[in-house]
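Novice: Sequences and hints are given; from them, build the entire structure.
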Amino acid sequence: MHNKPISELANDLVAKTVSSVELTQYFLSRIEQHENLNAFITVDPEFSLAQAREADRRIQQGDKSALIGVPIAHKDIFCTKGLLTTCGSRILSNFVSPYDATVIDRLNQNGAVILGKTNMDEFAMGSSNETSYFGPVKNPWDNATVPGGSSGGSAAAVAARIAPAATGTDTGGSIRQPAAFCGVTGFKPSYGQVSRYGMVAFASSLDQGGPITRSAEDAALLLNVVAGFDARDSTSVQRQTTDFVAGLGEDVQGLRIGLPTQFFGHGLDSEVERTVREALQEYEKLGATLIDIDLPNSDLCVPCYYVLAPSEASSNLARYDGVRYGYRAPDYSNLIDMYMKTRAEGFGEEVKRRIMIGTYALSAGYYDAYYVKAQQLRRLIAQDFEQAFAQCDVIMGPTTPTTAFAIGSKTDDPIAMYLNDIYTISVNLAGLPGISIPVGLDSTGKPIGLQIIGQYFGDTHVLNAAHRFQMTTDWHQLEPPGD
Amino acid sequence: MALDHQTVKNIARLARLHIDESNVERYAVELSRILDFVEQMNRVDTQDVIPLAHPQEGRLRLRDDLVTETNQRDSLQKAAPEKEAGLYLVPKVIE
Amino acid sequence: MNWEPVIGLEIHVQLLTHSKIFSGASTAFGADANTQACAVDVALPGVLPVMNEQAARMAVKFGLAVDAKINRRSVFARKNYFYPDLPKGYQISQYELPIVGEGNLIIDTDDGQKRIGITRAHLEEDAGKSLHEDYHGMTGIDLNRAGTPLIEIVSEPDMRSAKEAVTYLKKMHTLVRYLDICDGNMQEGSFRCDANVSVRPVGQQELGTRTELKNINSFRFVERAIEYEIERQIDILEDGGSVVQETRLYDPDKGETRPMRTKEEAHDYRYFPDPDLPPLELDDDFVEATRQTLPELPNAKQTRFMSQYGLSREDSSQLTAAKELAEYFEAAAGATKGDVKTVSNWIIGDLSGYLNKEHREIAESPVGARQLALLIDRIHDNTISGKIAKEVFDAMWHGEGDADDIINDKGLKQITDTSAIETVIDEVLTRSALQIEQYKSGQNKVFGYFVGQVMKATKGKANPQQVNQILQRKLDA
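Residue numbers (my numbering), protein chains in the order written: chain A, 43 to 525; chain B, 1171 to 1265; chain C, 1279 to 1755.
No lab work stands behind these hints: they were computed from the structure.
You may find that some hints are simply not true.
Unchecked claim - In silico DSBU-like pairs for lysine-lysine, Cα to Cα no more than 35 Å straight-line:
(1) C:Lys-1492 <-> B:Lys-1262
(2) C:Lys-1752 <-> C:Lys-1723
(3) A:Lys-123 <-> C:Lys-1357
(4) C:Lys-1407 <-> B:Lys-1248
As the list claims (entries may be wrong) - Not close to chain B: a few residues of chain A, all C-beta gaps over 10 Å, as computed:
(5) Arg-72
(6) Asp-293
(7) Asp-435
Just so it is clear, CB atoms sit at the ideal spot from N, CA and C, and this is done for glycine as well.
Specialist: Shown next, in the form of structure tokens:
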């Protein structure tokens, strides 16, 4: 049962060969069996089973909504009414949201079941899930390595088949990088495609929610429910509703695939490179052509990102002040002392580091040299993509320079950690859609991800390209060992 | 850019983050390293490039002036650390 | 040394929208604490702002009224600082690109008209309120006001006295109420003012060091606070000291200003464009449609009153100080057969006096414009004298009926029968031999005595012109 795609689970539910309560119970017990992964922050069986019972009732009445009764795990960054929403932080460790994020609301309407809230890097700041207040998540393929981050819990849960599908968010690679490390499919939609309302903000101009699933087809199915215009988000794009599933029907004959020379250079692990190139050969077999392209400023995307994202974050995280909700320090001498201690005790080291960098970058006298400079560079990076897309339809390359690294190996070196996202960050800066799909294993048996990048709002082309590969290969079917 | 101790303390104060005296040096080193790293941006001449604030560059959507929210105080204040008579309480504010 | 004060004002105007600038919560004043603070207003994790169109429209309306440049593209920016009544830890405001650019407002001063430059006006959200009553040594926070739309109107440092500053402030107060974008209630904080004050030696170009005065919430306090501050700065400079640039609070009880304690720290607001809100872009249709909603503005109305009704600048200014007052005047002037100047005098004089005494607005006057017109008709057709009219007005104010009813009921009709008046005059003259002698010997002021006696005898009802004429004729005979 745990290997079935969600489209099949949905069919089984509607055909009543299995009930939502049974399915939910099944995955809840798998979560329990895999507790050592630490993939979840909150599991509330009573809550989930109540939703499952309601779904079963609707099914009995003939409701055939796309995801009715399907249990789905959510990154703990999405506000869920009546459930803890911690964002992986001590400062929200007691925060029960009084409202649902739009993504959650749409899934609830559709009849999906909330299976639990997955572990994540604190406020989505991290690439290894090690910054979580609730402890690191283990990679199901190798428990000594990280699952990636920041959506590490979601990726690990889907990889370990303890959740049929999950949501994640991606600010600089936080869906794609853990998907690559965990051998699952992770899709970051175009900026504005999925509502950010109720998604705890990290860097507002970069954040985008998306699915982490076992296949592109599952991702499309999930997106059909959660994507689309939302009046509560001023950056939500008003376009005709896209049927992502229907978009999976095109073949890739004649598809022009751009390969950025910068994605295959210094720093790329040779096994990762070899495996990615093998995947590209598969595309050639399917009739696509490979073209070398140039993204001249892409190597500066990490410095650019580490100005913009912390700047926005320093402001977005100012609301955590111990006044209206969340953690408040127990001992303080006055108001400012209350603020300073609450925030010092409530935030972890990486979050504090980024708040400090962002505060500095926005401060008087430094704003132009850092923030404005980074925004200018952001435009150049976006323009690089525009020029590249004059020559090609999609861009492909490795999702990450290496496979999953050992827990603890990069925690003392922030910059080494940041460089993990070197191939994913530019996509966020330009607001483009990008997916990571599993295309093989390295010699130690750890998954390798291929990244596919599309044009702005070319989300269906990206999903379709991923789907075509998954139709003729079965890397995405591979399960972690020992289960 | 190497940050001195006073600058680190000023930033921490501005960001309302208490840092122990013993950690100031560590922050100074870490933050300076990150700033050196991001200063690689200066390799590219960006003169005359218009800053890009947002990937879409769309225009602001405006909503009608309608009251759509009802009183949610009880639900919203459940999470409040300290409250009384419908107010959020904080240590005394001196003007 | 002679010193010249230099004053600029920043006026915060709460816009009269139903809902908040970025949320659907109500802006109504006076609700129970935090009952009008929704998830967006209390800045829960994950919430996002959505802009209220009406707030943009009101800001544009204001801009057009002060002849300002309307920026077709303006940008919301975050002003970052920590304060318990600022739930997000930043205020959404406009910084580099405000919605309203340079404009101006003409004010009347003792030296004639003066143009006060407006630097800009930007849209922003109001903060909540800190309640300093003692909650076990703590402060209470009410976020009902958080997110109420404001425009902040920044003037050039064009004012040279506290009086000028108040004149400008009053003119602005009149304008925003004409435009129906603000209720102008200063007690409730709908219309607030900060003043930037400095002094310099007369003739010097360079500006002196300025202080910012906060917490001045009435016209009277604005004048007093600025006057106090000017004197304070002059004293410091004349003693050889220097003015410290700082924010000061006005204490109305002590009538003085003092430095604000919480603003000691150097501010660094770290403004940057709000990534949750794309730029506000306004097209021609929006601006033109808004222009169509502009009423006749106070200055235009004042000029028209002068030419159309032949009123003085001062009277026109007073009558146009509030739109409702001007409307009252025009309704009364249109309805009466009497003199327009009499209408103006009655409104500026008696009616305003009664209103002020009872703290009423013109809309709450128990005497309507048509009723006042009727009263003036009776003066005009000599049914009553101006003096009796005051008595009638008082009765009207207290709800005793229309002018005609009161005149009839109280028998106040003027005596215009010449023979009747002559009879009374003869009686008075008969018992006033002494006074007649005085008058004849050249003491002209004794004439008043005779008039008084006649009026007393007729209970004020004799037509004064006739009394004068007949008396004159008889005495000079």
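Novice: Next step is simple, just say for each hint if it's right about the structure.
Specialist: Consistency of the hints with the structure:
1. C:Lys-1492 <-> B:Lys-1262: holds (20 Å)
2. C:Lys-1752 <-> C:Lys-1723: Judged against 35 Å, a Cα distance of about 16 Å means the pair holds.
3. A:Lys-123 <-> C:Lys-1357: Holds, at roughly 30 Å.
4. C:Lys-1407 <-> B:Lys-1248: holds (20 Å)
5. Arg-72: The assertion about Arg-72 (chain A) holds, with a minimum of 31 Å to chain B.
6. Asp-293: Since the minimum Cβ distance to chain B is about 30 Å, Asp-293 (chain A) lies beyond 10 Å and the statement holds.
7. Asp-435: At about 20 Å from chain B, Asp-435 (chain A) clears the 10 Å cut-off, so the statement holds.
This entry satisfies every hint, going by the numbered hints stated previously.
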